[in-house]
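Place chains P, R and C on chain B using the hints.
Number of protein chains: 4
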Amino acid sequence: MSTPELAALIDDLVVANHILVDEEVLDGFGHISVRHPQDPSRFLIARSMAPGLVTADDIVVVDLAGQVHDAQGRRTYVERFIHSEIYRARPEVHSVVHSHSPSVIPFGVTGARLRPICHMSGFLGAQVPVFEIRHAAGEATDLLVRNQALGQALAASLGSANVALMRGHGNVVVGHSIQQAVFRAIYTESNAHLQSEAMRLGEINFLTPEEAQATSDMNDEHLDRPWQVWKRRAQQSRR
Amino acid sequence: MSTPELAALIDDLVVANHILVDEEVLDGFGHISVRHPQDPSRFLIARSMAPGLVTADDIVVVDLAGQVHDAQGRRTYVERFIHSEIYRARPEVHSVVHSHSPSVIPFGVTGARLRPICHMSGFLGAQVPVFEIRHAAGEATDLLVRNQALGQALAASLGSANVALMRGHGNVVVGHSIQQAVFRAIYTESNAHLQSEAMRLGEINFLTPEEAQATSDMNDEHLDRPWQVWKRRAQQSRR
Amino acid sequence: MSTPELAALIDDLVVANHILVDEEVLDGFGHISVRHPQDPSRFLIARSMAPGLVTADDIVVVDLAGQVHDAQGRRTYVERFIHSEIYRARPEVHSVVHSHSPSVIPFGVTGARLRPICHMSGFLGAQVPVFEIRHAAGEATDLLVRNQALGQALAASLGSANVALMRGHGNVVVGHSIQQAVFRAIYTESNAHLQSEAMRLGEINFLTPEEAQATSDMNDEHLDRPWQVWKRRAQQSRR
Amino acid sequence: MSTPELAALIDDLVVANHILVDEEVLDGFGHISVRHPQDPSRFLIARSMAPGLVTADDIVVVDLAGQVHDAQGRRTYVERFIHSEIYRARPEVHSVVHSHSPSVIPFGVTGARLRPICHMSGFLGAQVPVFEIRHAAGEATDLLVRNQALGQALAASLGSANVALMRGHGNVVVGHSIQQAVFRAIYTESNAHLQSEAMRLGEINFLTPEEAQATSDMNDEHLDRPWQVWKRRAQQSRR
Chain B
1396 MSTPELAALI DDLVVANHIL VDEEVLDGFG HISVRHPQDP SRFLIARSMA PGLVTADDIV
1456 VVDLAGQVHD AQGRRTYVER FIHSEIYRAR PEVHSVVHSH SPSVIPFGVT GARLRPICHM
1516 SGFLGAQVPV FEIRHAAGEA TDLLVRNQAL GQALAASLGS ANVALMRGHG NVVVGHSIQQ
1576 AVFRAIYTES NAHLQSEAMR LGEINFLTPE EAQATSDMND EHLDRPWQVW KRRAQQSRR
Chain P
1396 MSTPELAALI DDLVVANHIL VDEEVLDGFG HISVRHPQDP SRFLIARSMA PGLVTADDIV
1456 VVDLAGQVHD AQGRRTYVER FIHSEIYRAR PEVHSVVHSH SPSVIPFGVT GARLRPICHM
1516 SGFLGAQVPV FEIRHAAGEA TDLLVRNQAL GQALAASLGS ANVALMRGHG NVVVGHSIQQ
1576 AVFRAIYTES NAHLQSEAMR LGEINFLTPE EAQATSDMND EHLDRPWQVW KRRAQQSRR
Chain R
1396 MSTPELAALI DDLVVANHIL VDEEVLDGFG HISVRHPQDP SRFLIARSMA PGLVTADDIV
1456 VVDLAGQVHD AQGRRTYVER FIHSEIYRAR PEVHSVVHSH SPSVIPFGVT GARLRPICHM
1516 SGFLGAQVPV FEIRHAAGEA TDLLVRNQAL GQALAASLGS ANVALMRGHG NVVVGHSIQQ
1576 AVFRAIYTES NAHLQSEAMR LGEINFLTPE EAQATSDMND EHLDRPWQVW KRRAQQSRR
Chain C
1396 MSTPELAALI DDLVVANHIL VDEEVLDGFG HISVRHPQDP SRFLIARSMA PGLVTADDIV
1456 VVDLAGQVHD AQGRRTYVER FIHSEIYRAR PEVHSVVHSH SPSVIPFGVT GARLRPICHM
1516 SGFLGAQVPV FEIRHAAGEA TDLLVRNQAL GQALAASLGS ANVALMRGHG NVVVGHSIQQ
1576 AVFRAIYTES NAHLQSEAMR LGEINFLTPE EAQATSDMND EHLDRPWQVW KRRAQQSRR
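Residue numbers (my numbering), protein chains in the order written: chain B, 1396 to 1634; chain P, 1396 to 1634; chain R, 1396 to 1634; chain C, 1396 to 1634.
So that you can see chain B by itself, here it is in the shape it has in the complex (with noise of 0.2 Å):
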């Protein structure tokens, strides 16, 4: 863990966590992660902490069996499968996002079904799934994704999709990049939000799925623009 493209890999990593917290995407809990560049195999990711404390010395590497390596012999989350199964059934993700992120919940919980209400949030696609643990481990559990099963239920539950929610809990993001991870999960709940206040204006035009999917590539293309802002914003906060 060496490489200078690494630790700017985990500058990144550390500066999501506090942007994701400054953005109310998370709060004291939540978790970032990051493919390990090297090794297609592991991931990085904070030991067991508060998002908005990590620092580049918080981060260690777990593998895809949701096994920490860790020369201190430190511990992460226990909800570290929800990486490692998108990980191992997305070769494409390269960076995941487990949030409890406010206006997302009620989506998980009543039938009321996300969809792309504008153009920020094409990445939606035409219908974001949702995982109800029930089905997979029963009714009367603590609801984490505590091992490598659950994980794939999620994953499962996710399938090609971007985002997914997790009913009675939050939702997960991937994407291609930290970047891209980052402004989907802040999209995911600016959408949510923007959803709910135009469903009670009346019946809502979403975007078409084509609309939707030229909206996430066009997106793709300006990634930079507001990482470059909540970044700045992250660190001014953090002096």
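Hints are supplied without guarantee of correctness; some may be wrong.
A pair holds if it fits inside one copy or across any two, identical chains being indistinguishable in the list.
In the SDA-like style, the derived pairs of lysine to any residue whose C-alpha atoms are separated by at most 25 Å in a straight line are [said to hold, decoys possible]: (1) 1626 / 1418; (2) 1626 / 1466; (3) 1626 / 1424; (4) 1626 / 1448; (5) 1626 / 1595; (6) 1626 / 1470; (7) 1626 / 1469; (8) 1626 / 1473; (9) 1626 / 1432; (10) 1626 / 1616; (11) 1626 / 1463; (12) 1626 / 1453; (13) 1626 / 1510; (14) 1626 / 1431; (15) 1626 / 1410; (16) 1626 / 1588; (17) 1626 / 1547; (18) 1626 / 1484; (19) 1626 / 1443; (20) 1626 / 1536; (21) 1626 / 1419; (22) 1626 / 1452; (23) 1626 / 1596; (24) 1626 / 1615; (25) 1626 / 1400.
It is worth saying that the hints were derived from the structure and are not from the lab.
Positioned in the frame of chain B, the structure of chains P, R and C alone reads:
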């Protein structure tokens, strides 16, 4: 009041006052107490003042009859009987928060019942009771829990629950420790907000009673994680 | 304008301007006045400017005809007649706030009536009147209370109440002191927000008229507690 | 680009970028322009970047064909045609804001029409048009106003109005000056929020067309008052 552990507990109580203000559970009103670690028939609470301004010097000792024991003869809140009677009725309770937490108020004045919508608020259990002071004191009071009789009526409404709403007034939250009571007060507010939003999207799929218990037990193992973030924020905003 | 008590009152008026901005009752518009302690036929108010920028040097004296008495010949707000006519009609009133407080606007333009939902806003009483300027001035005005006649019409709508809404415009709040008027302006906004949220949960159990009176009397004994917090925050954010 | 008045105008444009971010009209996206004071066939706008980070050095000159004239060969926003075609169609317009202002989005995707609910937003007039890009470009676009033809279609939808909504995208606001455009952009967001809240309380008593015109004229006399506050806040938050 001079052992190191007592001083540390008082520090936590001061920080808890500030956290609850920063997280918008308390405003200029409301209070948090902790049972005296060396004498279960007494508790510690700030003198009558705004919680955001409390320092260690402002903490006084009160007995279960609501009598203040303070060398300087200072007074505490009129509503100290909320605390004293809950400590009397619930030996396992070591911390009590009384707030006017905004998202919770609507659930106290309508027929809608507060229930756990996600895994962060399993401690709400199957049922959150509502204390109607009119039943104990008639229809012309100032709604304050001003004496032992009213404190006992509130404690009776609370029963074995962790949270009770107070109609037209606010709510009370209890815990085994300051950290647990603070966690529960913050996520009670959060749950009320999320439930209110979800109710307009459709029928809500709440936690089962077993899920509520399992998630509550699980969260008890992670109370320190958000506490560290809240504490740091409270300390930074007061530098 | 040079006695120490007058200087202290002006300091409070300046702080009140800042508090009302910080608490989001005022934005770049709106104003607060206080009756002159040495001459009940005059009042103190800022010159025509944004309330968040007011300093002691910006305070001018206005008489009940709306005439400014200022050695530098400065002007105050067009809507000074809101203040002058209420001071004329209500000798016990010593402070008036006019704001566009956001949560209150919807109650001025619909049939929904603002009523006290909790013990912090008992001062709203049984009924909050709505001033419809069209009745006094027709359907083509700029809605401003621009002259004595409109000020009198507003004062007549207010009657003996503590708060009156102004359709399509905002509201006016009165008090015996700056502290009471500020408290009431802030909790009028709060009540409107809470009532709006509660209305979608079901039928609301409002305070009885007796509870409204008792809680209002009770809060009058505690006006200094939130004032100290608001004042400290206003001063800190301007350092 | 070196006269003192041009430098002052560029300073205002930079401040306007920051104000619109601080007031949550813009986030990492969106833009504001001003017509060139010495050449009405050109306008000033930031190069392609997040508005919150814009400085005077980032301002470029663009002509009404959307061509950038910049010694350093820098590019500006893809959607510069929003600005160029409105400046072409509306000679009296001297500033244009394009934003994704959140409360406005729901009014662009439902049948609910944005109308002036209070005297701060009389400039909305009787009717706020909605631009449906599908009518001009079909159902599979990325929703961006990428060329002159789409800019012309948007300008045609805008007609003589001050604000037009863009379905699934955002809105555009015009003014005689930077200060007026900023004022209108901020109070368009405010009106959308207030109207959305009021709609759930009951039938809304909107401004009459005459009131809308009179209040709009009146506010034009007070544009500097909030501008001073917003400017100070924008400058303080960037120190």
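Checked against the structure, which of the hints given earlier come out wrong?
2, 5, 11, 13, 17, 18, 20, 23
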